[in-house]
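Residue numbers (the working numbering), protein chains in the order written: chain W, 1 to 257; chain C, 1 to 270.
Hints are computed from structural coordinates only; laboratory data are not their basis. Keep in mind the model is a prediction, meaning the values are calculated, not measured. Among these hints, one or two may not hold up.
Stated by the list, open to error - Here are a few chain C residues that face chain W, going by a calculated C-beta distance under 7 Å:
no., residue
1, 186
2, 257
3, 266
As the list claims (entries may be wrong) - According to the in silico footprint, chain C covers these stretches of chain W (three or more CB under 8 Å from chain C):
no., region
4, 230-243
5, 246-254
C-beta atoms are modelled at their ideal positions from N, C-alpha and C, and glycine is treated no differently.
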Amino acid sequence: MSAILGLDDVSYAYRGSRPGQHAVRGVSFSIESGQNTGLVGESGSGKSTLLKVLLGLARPTSGEVLFDGAPLDLGDRLQVRSFRRSVQTVFQDPYSSLDPRQRVGRIVGEPVRSLKMARGRAADALVAEALESVGLPADAASHYPHEFSGGQRQRIAIARAIVSRPRVLLADEPVSALDVITRNQVIDLLAELGPSRDLTVLMVSHDLGVVAALCQRTIVLQGGQVVEQGTTSAVLGAPREAYTRRLLAAIPRLPQI
Amino acid sequence: MSLLEVSSLRVVSSDGVSRVRDVSFTVAPGERLGLIGESGSGKSLTAFAVIGLLPAGLKATGSVVLDGTQVVGAPEKSLVPIRGRICSFIFQEPLTALDPLMRLGRQLAEPIARHQGLRGSDLKRAVLDALDEVHLPEPERIANSRSWEISGGQRQRVAIAMALACRPRLLIADEPTTALDVTVQAEVLALLDHLVADREMAMIFVSHDLAVVSRMTDHALVMRSGEAVEKGSIADLLASPRHPYTAEFAAGARKAEAALAAALMQGPAE
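Hey, can you work out the whole structure from these sequences and the hints?
Here it is as structure tokens:
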């Protein structure tokens, strides 16, 4: 087991914020290979900021992003190329994250082109393989996003994210826009991709039910700081912090019958 | 007698597509009913049709009798006395229900002034009381704020205060906590539950989330693709569904909760 991606004492303050006012402060954790990790918190907890930092879209105000144990240097082209190939993302809203004017094949093939992985037939084969592994028919490539349902669109987004054979998938609330039946199917898909493609998921979510279903580890955030982290069974089964307990108690549950 | 009687309700869009088909149900005074379904099931359109608030381009046929008044086909003018007084509505996103330019106290004062005929300092006191009733801290500050200056949970509390200002007999809540954080959701549901019980109001609670609905009502109508699939007690919908779709929906909700339930039970030992 080794850490693929991690944060070491990361703080981030948005430009123009008051001195000392950080969106996240002193956050450290690591994503180990094969250990799907849930990043849980409510609005304002710093989830989205951390995601930007983990994607290399925002530079921490202090602290380091660690990629394969080495500090991520956004000026180092070689390292960034390898980082982009290894760390991919899926967003919350499958309606706004897919370009409506591009065919699915072109959308899914984008990382193949921008990372210069393959061209022509070889690139098409990678796209077809990615579509197949998310359970979409091969002819999906020639259709447009509007021809698909919300759940299918999220599968397209996942196909785009896994086409470069990344080792980490950063998923930002990937199922919160989906209905419950579709939601279960997409979670099952994400769970299957792990072992079959050697892929580890970091999922940002406000939904502890989804985290419990997919993640071996859970990190609880509140007000930009890590409140509690550990195995999901420890954090949910025997929470040490009052905030975690409050979060768990607030989840609406089905009646016991 | 029923407070609300919906029979053979149909909602048709301008291109002739039926978005709601042949939906019938009743709500007695003080009764609570959940409307459950996935997106596109027609549950929100059904709720909008009850109070004659369908979006432009949609037309209702059939019958909706609300406290003795036929809503379907009624001129807008005849619906005004019903809205707020007989039936009021809470929306999913309180920002859409509140005017961003007007101070919240003034917005809340409008229905209170209309309903109770209050003015001046009496009206001001009634507004602060109404904010206090929905457990908002510092009612004075909230009354002087605009909708975008307070949090989402506080906004939904203000929207609830507005919906209740004219003491309606039926409250329709359309996914009122879907946009809120889970801890805030729990607080708002508890507040709604308590206010509705206290005032012996009837309630239609619209949601895609079976667990949330079960927190608020004992009975629900399951909708799918514009049709009412099954109505019954939530316990029956979960334990002995009659329709295959209800079974699929209930199984989905149960599966979504299974991992969480297991983790909560399991404790730290692995």
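Against the structure, the hints come out as follows:
no., hint, in the structure
1, 186, "holds (4 Å)"
2, 257, "holds (6 Å)"
3, 266, "holds (5 Å)"
4, 230-243, "holds (count 7)"
5, 246-254, "holds (count 9)"
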